[in-house]
Amino acid sequence: MATPRSLLEKVWDAHAVRELPDGQTQLFVGLHLIHEVTSPQAFAMLRELGLPVRFPGRTFATVDHIIPTASQKRPLADPLAEEMLQALERNCREHGITLFDPASGHQGIVHVIGPELGLTQPGMTIACGDSHTSTHGAFGALAFGIGTSQVRDVLATQCLALARPRLRRIDVTGKLAAGVYAKDVILAIIRRLGVKGGIGYAYEYGGPVIEAMSLEERMTVCNMSIEGGARVGYVNPDDAVIAWLRGRRFAPSGEAFARAEAWWRGIASDPGCAYDDRVEIDGAAIAPSVTWGIHPGQSVGVDEPVPRPEALPDAERTSAEEALAYMKLRPGQPLLGARIDVAFIGSCTNGRLSDLREAARVARLGRVAPGVRALVVPGSQEVKRRAEAEGLPELFREAGFEWREPGCSMCLAMNPDKLRGDELCASTSNRNFKGRQGSPTGRTLLMSPAMVAAAAIRGQITDVRELL
Amino acid sequence: MTTATDARRHRVAARACVLRGDDIDTDRIIPARYLRCVTFDGLGQHAFADDRAQAKGQHPLDDPRFAGAGILVVGRNFGCGSSREHAPQALMRAGFRAFVGASFAEIFFGNCVALGLPCVTLDEGDLVRLMESVELDPEQEVVVDLEAGSVSCRAGTFRASMPEGARRQLLDGTWNALAVLLEAGDAIERTASTLPYVGGFREPARS
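So the sequences go chain by chain: A and B. Residues in the first sequence are numbered from 1294 upward in steps of one, following this note's numbering. Residues in the second sequence are numbered from 651 upward in steps of one, following this note's numbering.
Chain A extracted, bound-state conformation (with noise of 0.2 Å):
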């Protein structure tokens, strides 16, 4: 018998094209997606260089940060926004690369989109200029975030210098109780393992809950994996994989996806292989979780109080004492009841149709609050289709919320999607940063769809296993 081998040290080997003389590994990649944030400067830096894009059919490019979710029309209403989108398609047009531009009928979040297209597959490397890239370890591929001067590289070489990363498996055992979703046990590996945690590492996933979970509530768990320092986050394949897969648009068809079928298999860990280092987590210990901080490993059980700082262990003391004055919450205060100003149901964390679905399941059970803004903005323009088909437009509308256009929207609002002033906003994105919904002092309670739309309708954080 071989020695056992992970799907991180499979996948690795097979796309190593050499060691570099400083102990890295040249690594091919075989998916490259890009939008329209972190792309334009590589570009421009090809175009100095001279050279040309190496593999431009294993790059596709769509547009989400900045599309404004009001209107799609061009030319769109922010000049900035409308400049980044030109050069998206300028660039795209140039270099013959496929972009899924709003006219397409697939424009969308780009970790939205990749596997909706069936774009991502398991065993591949990904890599986009965002740091959600990891969402598509859900499939078992090995995706990385990167910045533009790797953007550059690959667009040139289809290739990254990167060192293997050591590989973390954690085991999220037992069973979910009813109201505690993927969200929620992504906050509580976090909240357990640090933001920093993950440093040097890939999570590998796995256990019980996460292989009971749907591809979509994968991409939930793998997409914050970033936020607990790991670049790379992924679940094995399996049969849930392949049934995605079978008919998407990009997945291989017919005898081919036979073949595939069995490589895909292939590439899952071998039973008995080593890890670095074992995390166990109880699943059925997990409770609906919010953020009180501002980064998303301050977060509690939704009926815990929100920490004294003085009861953290000395490295998260300060960080927490930073934390509670700029969130304007007091130390062991309960976060339930704590009025909100803003929902956002939304971003490649959560904009997917089973989200939309959960949040719609507590949305119909009530109005929105009184002076509450709330924004439901589908993943892509696929997910607001197939929402659509099921009514949820107008379930949500006749409870008070707006029904937008797909793109990143109040994740990071870099459109118009802003937070104004100190606004507490229940949010389905992935970061609770200072300033990150467009407020320099706007607060983001980080929580699940469904917890968002519970605190939509009561006007305030909300505990949503009292409303299932």
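Among the hints, a few may not be true.
Said to hold, decoys possible - Cut-off 27 Å, straight-line C-alpha distance, at most; resulting in silico cross-link-like pairs (BS3-like, lysine-lysine): (1) A:LYS1621 to B:LYS706; (2) A:LYS1711 to A:LYS1621; (3) B:LYS706 to A:LYS1711; (4) A:LYS1366 to A:LYS1711.
Note that these hints are calculated values from the structure, not bench results.
With chain A held as given, fit chain B onto it using these hints.
For chain B alone, coordinates are given in the frame of chain A:
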């Protein structure tokens, strides 16, 4: 390009600026609204824009004692969050040529290396001594020496760490990965041809 003498980064000797605090993310380093651009030009003036506005002149980057600093001294997990290269680009354009801290987020670290900017880490005790020394005497020259693996200031010379691969790239002037990657030539296409998905699984996989 790979061994160009001017690309070698052996040491950075400059005055330093101390920016205390852990988990300072790239949204704080360069708020997202400044990413609405197609070049990195002009980002330097917006580094820490929101933090500085709120500090009303009290932010270390606005402290005249630190004016002209070329080394930024930071805490734990500096540069966490978004992969935006705009963050190190903004800091580089604000005049910083090296970073010294307790730890750095991985993508930020890689983005810095790709720009030839070293990020070195010190033991926490040494980092505190460096911060106190620079705050007491901001005029002094601080030296980040990659060759020796140390950071020196008036308070002493401290052992500095950096992953060996990245240190070699900076010392050898090979931190611009593109030149190195291009050297692989046809080996790239050969590797691609062994990956069954690259051919759309049209042929049985080679074992």
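Structure-based check of each hint:
| no. | hint | verdict |
| --- | --- | --- |
| 1 | A:LYS1621 to B:LYS706 | 19 Å, holds |
| 2 | A:LYS1711 to A:LYS1621 | 19 Å, holds |
| 3 | B:LYS706 to A:LYS1711 | 23 Å, holds |
| 4 | A:LYS1366 to A:LYS1711 | 20 Å, holds |
Going down the numbered hints, you'll see the structure goes against none, and every one checks out.
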